[in-house]
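Colleague: Start from the sequences and build out the full structure, keeping to the hints where you can.
The sequence shown begins at 476 in my numbering and counts up by one.
Hints listed in this document are in silico derivations from the structure and should not be mistaken for laboratory results.
Honestly, I wouldn't trust all of these hints.
Here are the in silico distance ranges between beta carbons for each label pair [as the list claims (entries may be wrong)]:
{"#": "1", "residue 1": "524", "residue 2": "996", "range": "50 to 56 Å"}
{"#": "2", "residue 1": "694", "residue 2": "836", "range": "25 to 31 Å"}
{"#": "3", "residue 1": "967", "residue 2": "537", "range": "50 to 56 Å"}
{"#": "4", "residue 1": "905", "residue 2": "999", "range": "33 to 39 Å"}
{"#": "5", "residue 1": "922", "residue 2": "984", "range": "30 to 36 Å"}
{"#": "6", "residue 1": "967", "residue 2": "917", "range": "17 to 23 Å"}
{"#": "7", "residue 1": "697", "residue 2": "538", "range": "53 to 59 Å"}
{"#": "8", "residue 1": "744", "residue 2": "967", "range": "32 to 38 Å"}
{"#": "9", "residue 1": "922", "residue 2": "849", "range": "37 to 43 Å"}
{"#": "10", "residue 1": "976", "residue 2": "697", "range": "19 to 25 Å"}
{"#": "11", "residue 1": "500", "residue 2": "734", "range": "52 to 58 Å"}
{"#": "12", "residue 1": "999", "residue 2": "520", "range": "42 to 48 Å"}
Using N, Cα and C, we set each Cβ at its ideal position, and we do this for glycine too.
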Amino acid sequence: HALGLVLSQKARFDEAIAILARAAHLQPHVAEHHCNLGNVLFAAGRLDEAQQRFRRAVQLKPTLAAAHCNMGACLYRLKRYAAAAEAFGEAARLKPDDAEIATNLGAAMAQLGRYDEAVSHHRRAIALRPQLPDAHANLGVALLLAGKAADAAAAFAASLELRPDHLETLCNLGSACEQAWALEQSLAAFQQALRVNPGHPPAIMGLGSTLGRMGRTVEAIAAWREAIRVRGGYPEAHSNLLMAIHYEPVASPREVFEEHRRWAALYAGSIPARTDHGNDRSPDRPLRIGLVSPDFREHSVAYFIRPLIERLDRGQARITCYSTQPRSDLMTALLRSAADHWVDAAGMDDDALEANVREDGIDILVDLAGHTKAGRLLLFARKPAPVQVTYLGYPDTTGLAAMDYRITDEIADPPGESDERHVEKLIRLGGGFLCFRTADSLEPPAPPPCLKSGAITFGSFNFVAKVSRAALETWARVLLSVNGSRLLLKSAGMEAAAVRRRLLDEFSARGVDPSRVQIIAPVQPHSAHMAQYHRVDIALDTFPYAGTTTTCEALWMGVPVVSLAGQMHCSRTGAAILGRIGLHDLVTRDPDDYVRTAVALAADPARLAALRGRIRGLMQASPLCDGARLAREFMSAMREAWRAWCAPR
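Modeller: Next up, the structure:
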């Protein structure tokens, strides 16, 4: 037994395991032999065997806290978090003043979504042993999962004070700062991580994410490509890259399509898709529809999916929502109450979530995230439901052969080339793929501010990553063409000094005095955000990735939006929205046309005033704000897709 322990310390695991197994065989009733053998098996990565040994040790000696704790660590690594929490809990009962056990218990609780309990255990560990870096780091993880990014960053910083240059903690600090929109601090954390280990893929990935949030898209793409290269495949980084190549015109539409197919071949190609679905093939029976999303919260996806969940004919279908991220808010509560069934799936891996979908008997499974953050496309690659659809959350093909359909409309994806650039069959809803709903209590649009100020204020509240070099160039031309005009920009991330400086430098390089560009931070609550449109005469849409929520919000507040319609869905949502309410003349075909349209509108205050009073009514009377229309068309499309699956083969 002693020899085995010595060999394990020298990382000679195979020899150590053989010798310790011999000791356990010779003295099978000594719990410590089984526990130590479990430790070496754990170190060697043989987790199933390790947890069996720990289980035997606690059977022999129920008071052996180390065996309970180590079994918890093994179960945690196996992602059996409930069992891990039970084991850590028993260890904590036996040794209530052990800080490491307390923080391990907190880590398991965090994975179960029990964040308040997790934080409590970590804080107890810190109180017991303030110099334990893991306790501070684990507290940061729990706070980050709970959506308290700024508090999480403080906990990670405290851990780094005790253990400087710890790679995982530096990366976690970078992620927490990124989520808190402290982008310069995030950048510094990831850069420090890369000084510690220049080839660390998660640090390179995180660096790309922060650069992306800063609007430095080309640099972000380069970072993600490097992360993919270093790791030899990195699905999350590759998905980020797919999203980013829509922001800047770095690839042709065909190249974008091929990059999606490449993602699917690399990460989903070896995953077998189920073909043995046992669902009842009756074509006209009520359907079970599942919606999978990390965005059932205050998020643009939630605003657009809510009318569908609320208005869908329950005689035709029942809705199950699979919420794949742990944060919740008032919107989450509204969606939960509107759904027929709700599954908190944040702690489920693909095995568990697939089993849940199958147990629920889902007929049609709908992806609402695509390649956006926390999407679950590798679940869809398994084909857990007989019919699979992607909708709303991502502006392009998923690339997955297992994804049967994508919902869109004829403006956002004109028939012809769009079909050829999709793996999925496109379903085009006649009244449009969107339904916008906002708070009824919002105040009416105010008169255009130029009527008082005498000067035109252009505005864009789009995410900074959408502000491409081409858009900046065009906006500068607009400003230079309209004397005395100003531009108001507002987006999360723009409050970072480095981002503000870059944007102002871009305008200055194009001959626009930076004093004519005002950048403001996001405001809360939502009504205060919407009130900022009272300061804008004309909204300028981004391209090649156009706005969706921002365009609808601007229009709702009476602000006309000038948009440029490109070749891809992401560059045609503005056209789709404006087309539904009859403002086709605000849709432009190229940058020159965009400038002419914006300048002509700015020169006609009377038209601006008339539009200000008319646009909300146009929206309310249009398919764009008709939830019942969307629910009918969606259900009709799902019924047709279901009948196609039920048809004899």
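Colleague: For each hint, tell me whether it holds in the structure or not.
Modeller: Comparing the hints with the structure gives:
no., hint, verdict
1, 524 - 996: 50 to 56 Å, "holds (54 Å)"
2, 694 - 836: 25 to 31 Å, "violated (47 Å)"
3, 967 - 537: 50 to 56 Å, "holds (52 Å)"
4, 905 - 999: 33 to 39 Å, "holds (37 Å)"
5, 922 - 984: 30 to 36 Å, "holds (35 Å)"
6, 967 - 917: 17 to 23 Å, "holds (21 Å)"
7, 697 - 538: 53 to 59 Å, "holds (56 Å)"
8, 744 - 967: 32 to 38 Å, "holds (36 Å)"
9, 922 - 849: 37 to 43 Å, "holds (42 Å)"
10, 976 - 697: 19 to 25 Å, "holds (21 Å)"
11, 500 - 734: 52 to 58 Å, "holds (55 Å)"
12, 999 - 520: 42 to 48 Å, "holds (47 Å)"
In this structure, the one hint that does not hold is number 2.
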